[in-house]
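Asker: Each residue of the sequence shown is one higher than the last, beginning at 1 in the numbering used here.
Treat each hint with caution, since some may be false.
Here are the computed distance ranges between Cβ atoms for each label pair [said to hold, decoys possible]:
hint	residue 1	residue 2	range
1	Glu52	Arg106	19 to 27 Å
2	His120	Asn70	12 to 20 Å
3	Gln55	Ala103	18 to 26 Å
4	Glu69	Ala145	18 to 26 Å
5	Pro156	Gln125	14 to 22 Å
With a cut-off of at most 30 Å between alpha-carbon atoms, the simulated DSBU-like pairs for lysine-lysine come out as follows [claimed, not checked]:
hint	residue 1	residue 2
6	Lys39	Lys25
7	Lys66	Lys122
8	Lys66	Lys39
9	Lys90	Lys25
10	Lys122	Lys39
11	Lys90	Lys122
12	Lys122	Lys25
13	Lys39	Lys90
14	Lys66	Lys90
15	Lys25	Lys66
Keep in mind the hints are simulated off the structure, nothing from the lab.
Bear in mind that the values here come from a model prediction, so they are computed numbers and not experimental data.
Note that CB positions come from ideal geometry on N, CA and C, so glycine has one too.
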Amino acid sequence: MKLGLLLTGLMAMWVAAAAHATTLKLAPEIDLLVLDGHKISGSLLKGADGLELEQGQHQLLFRVEKRLENSHTSSWRSPPLIVTFTTNVKSIAIALPAIRTSAQARAFAHHPDFQLHDEHGKVVQSEQDTLTGTAGENYEREMAAYNMQGHSASVPRFAQPHTTGSPTDDTLTFASSHYPAGRVLQLWYQQVDAATRQRFVLLMKAFRTG
Numbered sequence: 001m002k003l004g005l006l007l008t009g010l011m012a013m014w015v016a017a018a019a020h021a022t023t024l025k026l027a028p029e030i031d032l033l034v035l036d037g038h039k040i041s042g043s044l045l046k047g048a049d050g051l052e053l054e055q056g057q058h059q060l061l062f063r064v065e066k067r068l069e070n071s072h073t074s075s076w077r078s079p080p081l082i083v084t085f086t087t088n089v090k091s092i093a094i095a096l097p098a099i100r101t102s103a104q105a106r107a108f109a110h111h112p113d114f115q116l117h118d119e120h121g122k123v124v125q126s127e128q129d130t131l132t133g134t135a136g137e138n139y140e141r142e143m144a145a146y147n148m149q150g151h152s153a154s155v156p157r158f159a160q161p162h163t164t165g166s167p168t169d170d171t172l173t174f175a176s177s178h179y180p181a182g183r184v185l186q187l188w189y190q191q192v193d194a195a196t197r198q199r200f201v202l203l204m205k206a207f208r209t210g
């Protein structure tokens with residue numbers, strides 16, 4: 001009975017979020033690292049060509065990773081790139097310039113040149129920056145610091161879960177360990193807005209104590 005109520009509540013939140021959602025399309029060469037202040041696991045994105053985002057303001061930390069022509073290394077990676085945008089469109093994609101040679105890769109790393117396009121190919125306004133001077137050991141923590149420093153693409157509210165504490169880890173562990181669809185639930189949790197996450201936490205508490 002409790003499981004049924006939990007799943008019904010999750011479905012209601014999922015439908016509500018999907019009603020006003022934007023699909024973030026991900027090309028194979030895009031490695032998404034952090035979304036809205038939260039780390040994105042590569043295993044969760046494996047095989048996915050997009051994510052559903054709540055319409056509104058979002059921030060991505062990503063890098064470009066691809067094999068270059070006549071390159072002796074296995075692959076090339078760009079510096080971590082930040083883009084902040086507000087969307088009310090159906091889909092959005094990161095449009096990259098041609099990066100096929102070492103010269104083009106160096107030029108892009110020195111001056112990243114990319115745009116966000118909606119489903120009609122129109123440019124979506126965004127603020128862009130490069131995450132520099134970091135060790136790359138904990139991108140979530142480094143983005144929290146970036147967002148508190150007033151940079152061009154900073155969003156201070158995306159740093160708040162890291163400074164005020166959050167029940168996120170406990171909730172995700174519960175979801176992942178008790179249900180076969182834990183990976184799907186965890187991915188959904190990372191995509192939805194803060195209000196939906198809070199409702200989910202309250203629902204989980206009711207499920208545990210009810």
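Asker: Next pair to validate is Lys25 with Lys66; report whether the Cα-Cα distance is within 30 Å.
Answerer: With Cα atoms ~17 Å apart, Lys25 and Lys66 stay inside 30 Å; holds.
Asker: Keeping to a limit of 30 Å between CA atoms, is the pair of Lys122 and Lys39 held or broken?
Answerer: Satisfied, since the Cα-Cα distance of roughly 28 Å is no more than 30 Å.
Asker: Check the hint pairing Lys66 with Lys90 against an upper bound of 30 Å on the C-alpha distance.
Answerer: 27 Å, holds
Asker: Does the hinted range 19 to 27 Å hold for Glu52 and Arg106 at CB?
Answerer: For Arg106 against Glu52, whose Cβ atoms are near 35 Å apart, the range 19 to 27 Å is violated.
Asker: With the threshold set at 30 Å, check whether the alpha-carbon distance from Lys90 to Lys122 stays at or below it.
Answerer: Roughly 12 Å separates the two Cα atoms, so the pair holds.
Asker: Kindly confirm whether 12 to 20 Å is satisfied by the beta carbon distance between His120 and Asn70.
Answerer: Cβ of His120 to Cβ of Asn70: about 36 Å, so the range 12 to 20 Å is violated.
Asker: Is the Cα-Cα distance between Lys66 and Lys39 30 Å or less?
Answerer: 21 Å, holds
Asker: For the pair supplied as a hint, Lys39 and Lys90, is the alpha-carbon distance within the 30 Å limit?
Answerer: 24 Å, holds
Asker: Within a Cα-Cα threshold of 30 Å, do Lys90 and Lys25 meet the stated pairing?
Answerer: 11 Å, holds
Asker: Quick check: does the Cβ-Cβ distance between Gln55 and Ala103 fall within 18 to 26 Å?
Answerer: Violated - the Cβ-Cβ distance for Gln55 and Ala103, about 39 Å, lies outside 18 to 26 Å.
Asker: Straight-line Cα separation of Lys122 and Lys25 no greater than 30 Å?
Answerer: 15 Å, holds
Asker: Can you let me know if the beta-carbon spacing of Glu69 and Ala145 is within 18 to 26 Å?
Answerer: 37 Å, violated
In terms of the numbered hints stated before, the structure departs from hints 1, 2, 3, 4, listed from lowest to highest.
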